[in-house]
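Heads up: the sequence lines are chains A and B, in that order. Residue numbering for the first sequence follows our numbering, beginning at 1 and increasing consecutively. Residue numbering for the second sequence follows our numbering, beginning at 1 and increasing consecutively.
You may find that some hints are simply not true.
[Claimed, not checked] Quick list of the computed label-pair ranges, beta carbon to beta carbon:
#1 144(B) with 176(A): 46 to 52 Å
#2 196(B) with 28(A): 39 to 45 Å
#3 50(B) with 176(A): 20 to 26 Å
#4 78(A) with 528(B): 51 to 57 Å
#5 69(A) with 461(B): 55 to 61 Å
[As the list claims (entries may be wrong)] To spell it out: a stretch of chain B is covered by chain A in this simulated footprint if at least three of its residues, at any positions, have a beta carbon under 8 Å from a beta carbon of chain A; those stretches are:
#6 58 to 65
#7 132 to 146
#8 216 to 227
#9 238 to 251
#10 254 to 260
#11 411 to 419
Calculated from the structure, these hints are not laboratory results. Positions of the beta carbon are idealized from the N, C-alpha and C atoms, including for glycine.
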Amino acid sequence: MTAISKVIGQRVALGALTLWIVSLIIFAGIQFLPGDAATEILGQSATPETVAAFRKSLGLDLPFYIRYVDWLWGVLHGNFGNALASGRDISEAIRPRLVNTLILAASAAAISVPLALCGGVVAALYRNTFIDRAINVITLTWISFPEFFVAYILILILAVHAGVLPSLSDVDPNTSIMGRVETIALPALTLSFVVIAHMMRMTRTSIVTLLGNQYIETARLKGLPEWRILVSHALPNALAPIANVVVLNLAYLITGVVVVEVVFVYPGLGQLIVDSVQKRDIPVVQACSLIFAATYVMLNLTADVLSIVVNPRLMHPK
Amino acid sequence: MDKWDTSLTSASGVSRRRFLKSAAAVGALAVSSSGSIFPAVAQSATAKKGGHFKIGVADGSTTDSLDPATWSSSFTETFGHSLHGYLTELDPDGNLVGELAEAWEPSKDAKTWTFKLRKGVEFHNGKTLSAEDVIASINHHRGEQSKSGAKTIVDPIEDIRSDGPQTVTVVLKQGNADFPYLLEDYHLAIMPSKDGSADTSGVGVGGYVLDATDFGVKASSKRFANYWKPNAAWFDSFEILAIHDVAARTTALSTGQIHAMDKCELKTLHLLERNKNLKISSLTGTQHYQFPMLVDAAPFDNVDVRLALKHAVNRQQLLDTVLYGYGQLGNDHPISPSNRFFAKDLPQREFDPDKAKFHLKKAGVSDLKVSLSAADSVFTGAVDAALVYQQDAAKAGITIDVIREPSDGYWDNVWMKKPWCTTYWAGRPTADWMFSQVYAADAVWNETHWKNPRFNELLVAARGELDDVKRREMYAEMQLLCRDDGGTVIPLFANYVSALSAKVGHNKIASNWEWDGYRCAERWWFTDV
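Model the full structure from these sequences, guided by the hints.
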């Protein structure tokens, strides 16, 4: 167990450092963009006086390092501040969006992870046969199309022609569970199609590379059926690389789905961060970026812990 | 011949043949602008109560708010009109009628305006409308600290005071015959006064009561039981969704998830027209696309260079390619064909490379090379429009270097800074408003730095003139000055193109703003409830 706690301790410290660097880069990056919140929100209707009044009321007339230190001080005290444009409390603005994003990611993962693992095992079991090739061709086809194209095809078939699922993912906190399942079915399916191939291929490859090992041969000589060899002997040893790929895809499902959100008009974090970057609403962009960065840090940590847990040599080092 | 007709022939050297040709074109334009392509007829007799009305608009952002001072998107403006009332209202024919103001009276110099408020109008919170609410709502946009989009509208107000609970008197710094029109502006919603300042929490006197908002996503409101206006606000509830992706809007409409959408994709509109469950509305409003030049920067400081460029653009081709025909030709002035002071007799300027060459020669420029800055965020197809312009101008021996600018920060870094760029204006309902905000010498948005003494003299004179016949003459001359001396090329007026479910009923749709003057929730109804 000491190995695990040491890894976790190190990773958490490194993660905090990463988050700090991310916040610095994002803050500086937004400074380099043309315009600021005042000019972007007022747009064509800006006059020099209204811009000046806007800047003053938001504190944008202060130098940027002072604003950064102010912001950092607030965050260290657990206060992410208020959105520049609307003056709303950021945690309140972000919470429903984060919940939506997590629900969509979880649904997509619930569809795609089991399918990908089963598909990988089946493909490995019947490797180099017609079944293996068919699974490969189907999943690689899905991943080869841009995700908005997959989305439009699904909308055309399931929403326009069949009329069974809605093309708009119109959800709010009052939507019932069944309502949610129905409204997010199409985006969840789209995302699943996009991430399945990667995980499935990794599962298949990891298993197949292990099949030359002596313990697999021993298991075969014992007379075990092939599927048991794969599931109980090869799969546990292949878990570390598979876990890594699954985790990377989960991170993608949380942070990289803005295109799908736009196509289905789903109110997730991606839309929020795009809106906020356009309006130079730095506190909101910072908070969203930190959530995204923290997601990567935490999921990577999970992958590392998992690969230690499933490997006795790492669990009990000499 | 009128005064401006003679000046026209002398200023631009129009031959008789050409003049007739362009006059014919204007005639054709007037015919086509008079009707929309709507099959619908007046249906008010069948208006029914009920239903949940849901629309999808192309904008709306998480940074929006309920404070009318911040409104700058169709989302907030259309939703805002469901909650709020205004002092005045433009009817579908473009006539100004009273809404919360029952009647108004100017002084002789049009400097002091007295408004009589309607009696028995109730706010959603039970308060009765009185003069103090109106004053607080207008003052909300005034003052040094104001960040309001309506600041330039209320700046000319010297003083605003009440004479009893139902009377508001406004004193202006200068006479303005159009002042009641300005009060129709979507920022100037009437809010209840709370401790002397306006309450921006969304309480209004409108037909619907605020239900829920999630800005950047959707907002909803429910019918107000004590709404004062008869025969209005037919729906039980109203919901507006922000759907930025045009394909998503179109699919949502054709699968029945929403009942109306704005900003249809023009490229595929002919396919949408085939759908029998939908109807398309295409209306010429005040929205126009333009190429403003800074007239104090060489070579645009020479009026002949400007005229050469104005003759070097093929407007019909731009209309056909950029707008797929859903618009009207512009005549290098910002007054829309639907405006009551539109100069109908002013000949339409056409593509004429020879005329362009003539003006170049007159300017003493043999080889004109200019840069044109464009970005697609300004209007859809802006960069393509600039490229079409480049091809046309080449035929007149003018080299246009099209610079594709980043969309981000365009209004801050390119507009009014680069000598020649692309812009659009949603336009304004009155000629004075449009001219004062963008063409007056001292206007903050005078995007060409054009300072024509005669134009500015007429602007002030027409503003204070209460005689419509005299005003018409003045505005006609100002449109001519804009066209022949001004710094901007205005090739197109773009239509508002939206699509509605066939079961949505309505009368003639107003074209002063999108969404039936932003009043769709109040004016439309379902035919099948």
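Here is how each hint holds up against the structure:
no., hint, verdict
1, 144(B) with 176(A): 46 to 52 Å, "holds, 50 Å"
2, 196(B) with 28(A): 39 to 45 Å, "holds, 43 Å"
3, 50(B) with 176(A): 20 to 26 Å, "holds, 24 Å"
4, 78(A) with 528(B): 51 to 57 Å, "holds, 53 Å"
5, 69(A) with 461(B): 55 to 61 Å, "holds, 56 Å"
6, 58 to 65, "holds (count 5)"
7, 132 to 146, "holds (count 3)"
8, 216 to 227, "holds (count 3)"
9, 238 to 251, "holds (count 8)"
10, 254 to 260, "holds (count 4)"
11, 411 to 419, "holds (count 4)"
The structure meets every hint from the earlier list without exception.
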